[in-house]
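Undergrad: Chain by chain, the residues run as shown.
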Amino acid sequence: SAVISQKPSRDICQRGTSLTIQCQVDSQVTMMFWYRQQPGQSLTLIATANQGSEATYESGFVIDKFPISRPNLTFSTLTVSNMSPEDSSIYLCSVLQGLLYFGPGTRLTVL
Amino acid sequence: QKEVEQNSGPLSVPEGAIASLNCTYSDRGSQSFFWYRQYSGKSPELIMFIYSNGDKEDGRFTAQLNKASQYVSLLIRDSQPSDSATYLCAVANAGNMLTFGGGTRLMVKP
Numbered sequence: 329s330a331v332i333s334q335k336p337s338r339d340i341c342q343r344g345t346s347l348t349i350q351c352q353v354d355s356q357v358t359m360m361f362w363y364r365q366q367p368g369q370s371l372t373l374i375a376t377a378n379q380g381s382e383a384t385y386e387s388g389f390v391i392d393k394f395p396i397s398r399p400n401l402t403f404s405t406l407t408v409s410n411m412s413p414e415d416s417s418i419y420l421c422s423v424l425q426g427l428l429y430f431g432p433g434t435r436l437t438v439l
Numbered sequence: 004q005k006e007v008e009q010n011s012g013p014l015s016v017p018e019g020a021i022a023s024l025n026c027t028y029s030d031r032g033s034q035s036f037f038w039y040r041q042y043s044g045k046s047p048e049l050i051m052f053i054y055s056n057g058d059k060e061d062g063r064f065t066a067q068l069n070k071a072s073q074y075v076s077l078l079i080r081d082s083q084p085s086d087s088a089t090y091l092c093a094v095a096n097a098g099n100m101l102t103f104g105g106g107t108r109l110m111v112k113p
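Chains A and B are the protein sequences, given in the same order.
Numbers 329 to 439, taken from our numbering, label the letters of the first sequence in order.
Numbers 4 to 113, taken from our numbering, label the letters of the second sequence in order.
There could be a bad hint or two in this list.
[Claimed, not checked] In silico SDA-like pairs for lysine to any residue, Cα to Cα no more than 25 Å straight-line:
| id | chain 1 | residue 1 | chain 2 | residue 2 |
| --- | --- | --- | --- | --- |
| 1 | B | Lys59 | B | Asn25 |
| 2 | B | Lys45 | A | Gly368 |
| 3 | A | Lys393 | A | Arg343 |
| 4 | B | Lys59 | A | Asp354 |
| 5 | B | Lys112 | B | Ser35 |
| 6 | A | Lys393 | A | Met359 |
| 7 | B | Lys45 | A | Thr402 |
| 8 | B | Lys70 | A | Gly426 |
| 9 | B | Lys45 | A | Val331 |
| 10 | B | Lys45 | A | Gln334 |
| 11 | A | Lys335 | A | Asp354 |
| 12 | B | Lys59 | A | Gly368 |
| 13 | B | Lys59 | B | Ser11 |
| 14 | A | Lys393 | A | Ser412 |
| 15 | B | Lys45 | A | Ser412 |
[Unchecked claim] Calculated Cβ distances over 10 Å to all of chain B for the following chain A residues:
| id | residue |
| --- | --- |
| 16 | Thr345 |
| 17 | Ser355 |
| 18 | Gln369 |
| 19 | Asn378 |
| 20 | Asp392 |
| 21 | Thr402 |
| 22 | Leu424 |
| 23 | Phe430 |
| 24 | Arg435 |
For the record, the hints were derived by calculation from the structure and aren't laboratory data.
We put the beta carbon where it would ideally sit given N, CA and C, even for glycine.
Using the sequences and the hints, build the whole thing.
TA: Below, the structure written as C-alpha cells:
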C-alpha cells in the first residue's frame, strides 16, 4: 500500500486564522480524499481532491471554508480557513489504491 | 440517508476470549465492507474487507457478511490486550464511496 505522510502532525491555532495541511503520497494515486474526525466521533468525508480540477465537496462542506489543492497525483493540501473552536478535529488524508488507506492525520486545536 | 450503525461500547472481554463486533447498514446497494482498527491518537488502519456473503478469515480475525440481513460482523479470536482499540465499520457503494459507522470501543482485560 502507499505510504502517506501529512504535515503538520499537530497544531494549536488561534481563532480567525487559517492552517494549511499537506499530504504527500509515495506513489501516484488517482483518488485522494480528506476526512475529518471530531473528538469522540467517526470519520466524515470533507471532499474528494481531484487532480487538476476543483475538489468535490460533501454536503455541509464548502470551498471557501476548506479550499483544497491537488496539483499532481502525489500531493494535496487542505486549508482550514477562518478557524473557530468547532474546527478542532483530526484531519485525515486518504488514498484509494484498491482499498482505502489513511495518512497519520493532523490534530488541530483551535483556541 | 445512508447509515452505518455500530454499538459504541465499550465492549469488554477477557484476554483469550472471542470479541464479536457488529455493524448494520441501511443501503441495500452496498458492495463492499471494511473493518478498520483505530488506536487512541492514531489514524484508522484497515484490517479486514469482505465483498461476498459468508465468512472470511485472516489469522485471528473473521469477517462475516449477511447481505440479506444487512449485517456485517468482525470476530477476534484469542483476544489480546493489544487488540484494545476502536473498530470502525465502513460500507462502500458502487461508486467506492465509504460511509463509516461510529465505531465500537473494545477493551480486552488481562
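Undergrad: All the hints need checking, so say for each whether the structure fits it.
TA: Here is what the structure says about each hint:
1. Lys59/B to Asn25/B: Distance of about 15 Å is within 25 Å: holds.
2. Lys45/B to Gly368/A: holds (13 Å)
3. Lys393/A to Arg343/A: holds (14 Å)
4. Lys59/B to Asp354/A: Violated. Lys59/B to Asp354/A sits at ~30 Å, over the 25 Å cutoff.
5. Lys112/B to Ser35/B: violated (32 Å)
6. Lys393/A to Met359/A: Holds - the C-alpha atoms of Met359/A and Lys393/A are around 21 Å apart, at most 25 Å.
7. Lys45/B to Thr402/A: holds (22 Å)
8. Lys70/B to Gly426/A: holds (22 Å)
9. Lys45/B to Val331/A: holds (15 Å)
10. Lys45/B to Gln334/A: holds (13 Å)
11. Lys335/A to Asp354/A: With a Cα-Cα distance of about 14 Å, the restraint between Lys335/A and Asp354/A holds, given a limit of 25 Å.
12. Lys59/B to Gly368/A: violated (29 Å)
13. Lys59/B to Ser11/B: This hinted pair holds, its Cα atoms lying about 24 Å apart.
14. Lys393/A to Ser412/A: holds (11 Å)
15. Lys45/B to Ser412/A: holds (23 Å)
16. Thr345: Holds, since 24 Å exceeds 10 Å.
17. Ser355: holds (17 Å)
18. Gln369: violated (7 Å)
19. Asn378: Check passes; 14 Å lies beyond 10 Å.
20. Asp392: Label holds. Min Cβ-Cβ 23 Å, cutoff 10 Å.
21. Thr402: holds (19 Å)
22. Leu424: violated (7 Å)
23. Phe430: violated (4 Å)
24. Arg435: At roughly 8 Å from the nearest Cβ of chain B, Arg435/A sits no farther out than 10 Å, so the non-interface label is violated.
In the structure shown, a violation is registered for the earlier hints numbered 4, 5, 12, 18, 22, 23, 24, in ascending order.
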